[in-house]
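From just these sequences and the hints, can you work out the full model?
So that you can map any letter, position 23 of the sequence shown is 23 in our numbering, and since no number is skipped, the others follow by simple counting.
Hints should not be assumed to be uniformly reliable.
What the hints assert, rightly or not - Quick list of in silico lysine-lysine cross-link-like pairs, DSS-like style, CA-CA up to 25 angstroms: (1) LYS290 with LYS278; (2) LYS65 with LYS47; (3) LYS227 with LYS47.
Derived from the structure by calculation, the hints contain no laboratory data.
Everything numeric in this text was worked out from a predicted model, so none of it was measured.
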Amino acid sequence: MAGDPIETVAVIGAGVMGAGIAQVFAERGVDTRLFDPYPDSLDRGLKQINRFWDKGIERGKTTVKEKEEWLSNLNLEKELWKATHTADLVIEAVPESLELKRAVFAELESLAGSDTILASNTSSLSIGAIADGLLEPGRVIGMHFFNPVPLMPLLELIRHDEIDKDTIDTARQIGAMIGKTTITVNDVPGFATSRLGVVLGNEAIRMLAEGVASASDIDTAMRLGYKHPMGPLELSDLVGLDVRRDILNGLSASLGDARYLPHPLLDRLVKEGSLGKKSGAGIYLWRDGKKIDRGDLLG
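What follows is the structure in structure tokens.
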């Protein structure tokens, strides 16, 4: 991969986002290590990637040979040091907990090479707070991907006060290498995308609870009236209602503004385990990949 900014990437966490991130790098010919300490999570991550590639083959967009080549670039790792010790880039994609991410980054700094870029896929947590206490915070950056990672063209880069310019420049080159359009934002709560996205989704949930219209009609209004590729309620189900709730709570606390608090309907759904598509029910019911309006949520 002569001329590319990196040759090896390690992705930490084999959930929906981590698997998607690993997939796009493997497709670009990068030596990709997908790490997760739980074998079941690694298996689910690999199945997600294979399903995507198999659908592409069925639709004639990719070939069996391409899939074989991509798979050869992907390695599953259960030991963190094996995944990271020679990586040029490490991308963390673990759950949205500041304490967890800080612990992960402290370990990553001790394992990865001194020139390795350490990136977080957080959608809302402060990159400066994640990097706080590290010996070399200048090589830490936010690289916020969007779900589904192979299809979404945006990559949001987040710079904190102590970041090195070379880190930002290299991250932009990496984004271009994997076919993403990058934007660069400052390290503020919710960055640019999450702050706007969760507010729109929260207001759509409020409208649903107040009986303004059904979930599908609210989503259709935004898709056809404003040319959004996906309605805010469907997107909330896809991202995960628990993730959306946590981001809203974080924004409310960080900005000191109760307007960002999640609507009670969102809180209720999360508490009952209706987390969206991943749990089979959220704002919609999800059956065989299809979404069905839930009449019980319409106020």
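Going through the hints against the structure:
no. : hint               : in the structure
1   : LYS290 with LYS278 : holds, 13 angstroms
2   : LYS65 with LYS47   : holds, 18 angstroms
3   : LYS227 with LYS47  : violated, 32 angstroms
The structure is inconsistent with hint 3 alone, although it conforms to all the rest.
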